Amino acid sequence: MVLELHIWGPAFSLPSIDPQCLTAIAYLAQALPRDQWVLVASSDATLSPTKELPVLHDGSATIGGFENIVDYLRKRSDGDWDIDRQFSKPKDRADVTAFSSFLTFQAHPLLDLSLYVASENYSKTRTAYSSILQWPTQYFVPPQRRTIAKARTEHMGLSSLDLDTLDEERRSSRKAADLIPQSLRTSRPTVTGLMKEKQSSARFKLDALVDAAFKPLEQLLGKKKWMLSDERASSLDCVALGYLSLAFIPEMPLSWLAEGLRGRYPDLCKYVEDGVKEVFGGKVTVEDALLSSTGEQSAMIQGENESGLPWRAPEQNLSSAGASILNSTFDSVPFYKRTIVTTSSTQPQHSTDAPPHSLTSTLLPPLLASAGAVAAIASYLLYSSLSTQEPEKRNLSDMGEAGAMFAGLDFGEPNKEVRVPPAEGRVPVGVEVDIEGVGERRGL
Amino acid sequence: MPQDADAKSEERPKPSRSKTQARETSPQWFTTPQPIRRLFDKFPLRIYSLNELPQRSPRNRENNTLWIFTTNEGAQLGAPSFNPGCLKWQAYMIFKGIDFVPISSNNHASPTGALPFLLPASSTKNPLEAVLPIPSTRIERWVREKKVNTEKTGRPPDEGLEAKNQHVEASVSTKQKSTSKESSDMRYEAYMSLLNYRIRNAYLYSLYLSPPNFASIVLPLYVNPSTSNTLARVALSHQLRAAAETELLKQSPTIDVEATYRDCDKAFEALSELLGDDEFFYGEEVPGLFDASVFAYTHVLLDEDLDWKHTRLREGLEQYGNLVEHQKSIVEGWFGDNASGRSRSHKKA
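Chains L and B supply the protein sequences, listed in that same order.
Throughout the first sequence, residue numbering follows UniProt numbering, covering 1 to 444 in sequence.
Throughout the second sequence, residue numbering follows UniProt numbering, covering 1 to 349 in sequence.
Please keep in mind that the hints were generated in silico from the structure rather than gathered at the bench.
Remember, predicted model here, so these are calculated numbers, not experimental data.
Among the hints, a few may not be true.
As the list claims (entries may be wrong) - EDC-like, lysine to aspartate or glutamate: derived pairs with alpha carbons at most 16 Å apart: (1) L:K91 / B:D278; (2) L:K89 / B:E273; (3) L:K124 / L:E251; (4) L:K91 / B:E269; (5) L:K215 / B:D185; (6) B:K250 / B:D265; (7) L:K91 / B:D277; (8) B:K328 / B:D305; (9) L:K215 / L:E259.
What the hints assert, rightly or not - Among chain L residues calculated to face chain B with C-beta under 8 Å, some are: (10) K51; (11) G65; (12) E67; (13) N68; (14) S88; (15) P90; (16) F99; (17) S101; (18) Q106; (19) R152; (20) I249.
Backbone N, C-alpha and C define an ideal beta-carbon position, used for all residues, glycine too.
The task is simple: from the sequences and hints, build the whole structure.
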């Protein structure tokens with residue numbers, strides 16, 4: 001049985017647009033023999049029990065999420081497909097765990113900011129998405145992912161990267177300006193002027209964030225070929241490649257992330273370049289992954305020749321599109337509870353998630369596809385009406401630009417503070433807010 | 001002269017009935033008519049004595065107060081808090097030998113919306129000067145600056161403004177020195193992320209979203225002390241659960257329970273490996289912030305007084321003997337027998 005790895009499709013000459021998917025690709029490419037797995041750029045999160053890609057299909061078993069996949073592969077192969085098994089020292093294993101989690105939680109918000117939140121960059125990301133998604137979904141998926149990214153980075157007080165917020169601010173400042181007599185008015189700031197001003201102040205903070213995320217990694221890497229040894233990659237290298245390649249390789253209009261890496265972490269950059277060549281087999285184009293669905297056989301052959309990855313073209317079916325639209329509709333309907341708690345099956349061969357999944361994909365789709373179109377319009381209207389309200393809320397929450405900026409300089413300190421909303425600041429707290437309070441903060 | 005008389009009358013605490021001439025100073029051509037002035041000289045008719053301060057006004061102004069989640073008895077005994085975020089800073093301040101009084105409180109009382117926060121002792125010179133509360137994220141810096149200042153001037157930092165400039169300089173220059181080798185280690189941040197994300201996620205899930213634990217720990221400790229109104233209690237518990245849920249959903253579209261617990265186990269394994277055979281993390285002689293952060297979670301999970309119904313996290317942790325030892329030695333060594341918990345005697349409370 002050939003394993004199928006479903007991922008978000010290729011972009012920016014990388015095999016996937018999503019860091020977790022890149023991580024999973026890197027892992028499978030090194031752990032499994034080439035003929036044991038195929039890579040499918042299905043770009044459809046409904047395939048997964050955890051609603052996120054990557055997802056691994058192994059016969060009836062469906063495993064979502066990188067960590068779960070690694071766990072599953074280890075159990076399925078009795079450790080043969082565990083690329084960390086060579087690191088017998090417990091200290092190394094501990095480092096893999098610690099630095100993987102560090103990267104996931106430190107670098108992910110940076111990618112969110114760079115690829116989704118910053119408006120100039122987002123337009124490029126959206127274009128990349130539209131070439132890998134099939135027809136109706138391309139209108140829903142990118143905004144949806146952008147909303148998630150914004151939510152995830154809200155606490156950093158960097159929404160100024162987002163032009164929508166800027167626009168909102170301008171509108172409110174115009175209201176205030178009407179009260180000032182003509183003779184006393186200063187010239188109204190232009191959009192570009194405002195943007196420059198905001199971005200330069202955000203720049204300090206971004207640089208501090210970049211340093212916080214990459215300095216420990218560069219120290220760990222040292223002059224070695226891989227993170228832990230010269231000989232073989234570990235799963236930490238997969239995670240590092242996944243995140244760093246997406247930070248470093250895409251050419252973005254606002255390139256603080258890539259510039260920061262290039263300027264201050266040359267060793268990491270070299271590491272990424274070499275890693276991408278070796279693990280992903282050089283540049284990947286969208287055509288590699290999405291050849292016409294009819295020529296599946298030829299796609300496979302062609303894919304093998306051109307890139308090092310065993311691509312297989314995804315099946316085009318309207319039903320999955322319908323399902324994903326319906327899902328996104330449900331997500332934006334108030335009072336509708338998503339499936340909050342899923343227990344993923346980590347036991348090989350008997351998956352508890354398979355039955356409900358197959359139910360959705362075989363029984364419902366014909367209905368869903370038509371219902372989806374109607375619901376889509378409703379969700380779009382709802383979404384747009386909701387999204388106009390959002391920026392105002394953000395404006396209030398990140399008041400005190402200067403305070404937040406200076407607080408940002410402090411990211412050298414233990415940065416649990418990075419995670420949490422700047423407490424609805426009556427005290428000059430800036431971004432440094434303790435993590436632990438958060439759960440309670442919202443509630444109590 | 002009229003001006004002199006005026007100046008004197010202004011200095012008097014109470015307006016007197018004595019006839020002072022011409023109180024109005026600047027425009028000489030305008031004077032208040034005599035009858036009106038006589039009338040107003042009678043006021044105030046009576047001055048009441050000062051009111052007592054309200055019952056709930058701050059008492060321990062001369063002490064540093066740390067506002068944390070704890071029970072009233074716990075606050076008196078200086079017992080460890082049952083909230084990891086609070087316990088971390090409580091332990092840290094004890095490690096650093098700072099005198100403070102713990103006060104039982106809740107998030108509603110905090111200026112930042114979250115506990116803990118620190119209210120430094122007001123200065124002895126001008127006790128009425130307002131002191132600003134220090135949120136948890138600044139406590140470390142505050143402790144550092146206080147230390148630097150006491151070392152340098154031999155006095156607490158809030159005495160005398162002239163020390164202020166020196167103090168700022170000093171805090172900058174000794175920043176690197178005083179943060180010791182603990183935080184300069186590249187692993188510091190990486191392993192800290194295990195605590196702040198992996199372990200915290202599992203803790204949040206296990207405490208708030210697992211119904212047995214919610215009933216046995218959150219309700220009696222967080223919800224019931226806040227209010228006696230049943231409706232408010234229901235609303236509050238709902239809010240708590242929703243907050244924990246949103247927090248977890250930020251990181252992934254679904255909460256994968258198995259994966260959360262598994263990641264947490266791996267995190268404990270890695271931490272246990274990092275600690276090794278040392279008494280404290282990074283081979284320090286005295287515990288530091290990292291020890292405080294680990295202890296905050298391990299103590300809450302291992303505390304006999306907390307009634308964990310769903311014990312998966314505790315069981316996972318108990319496999320790592322050195323982490324359990326670490327927790328025990330800190331409880332016994334630093335939270336020992338007396339109220340302030342600062343004696344290092346190895347007696348049980």
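Against the structure, the hints come out as follows:
1. L:K91 / B:D278: Given that 16 Å is the threshold and the Cα spacing comes to 14 Å, the pair holds.
2. L:K89 / B:E273: holds, 10 Å
3. L:K124 / L:E251: holds, 9 Å
4. L:K91 / B:E269: holds, 10 Å
5. L:K215 / B:D185: Between K215 of chain L and D185 of chain B the Cα gap is close to 11 Å, so the pair holds against 16 Å.
6. B:K250 / B:D265: Judged against 16 Å, a Cα distance of about 21 Å means the pair is violated.
7. L:K91 / B:D277: Within the cut-off at roughly 13 Å; holds.
8. B:K328 / B:D305: The hint holds at about 14 Å.
9. L:K215 / L:E259: holds, 15 Å
10. K51: With a minimum Cβ separation of about 4 Å from chain B (threshold 8 Å), the hint on K51 of chain L holds.
11. G65: Constraint on G65 of chain L satisfied, holds at 6 Å.
12. E67: Check passed: Cβ of E67 of chain L comes within 6 Å of chain B, closer than 8 Å.
13. N68: Holds, about 6 Å.
14. S88: Violated, about 13 Å.
15. P90: holds, 5 Å
16. F99: Holds: closest Cβ of chain B sits about 5 Å from F99 of chain L, inside 8 Å.
17. S101: Nearest chain B Cβ about 5 Å off; hint holds.
18. Q106: holds, 7 Å
19. R152: holds, 5 Å
20. I249: violated, 24 Å
Figure legend: structure checked against the earlier numbered hints; hints not met, in rising order: 6, 14, 20.
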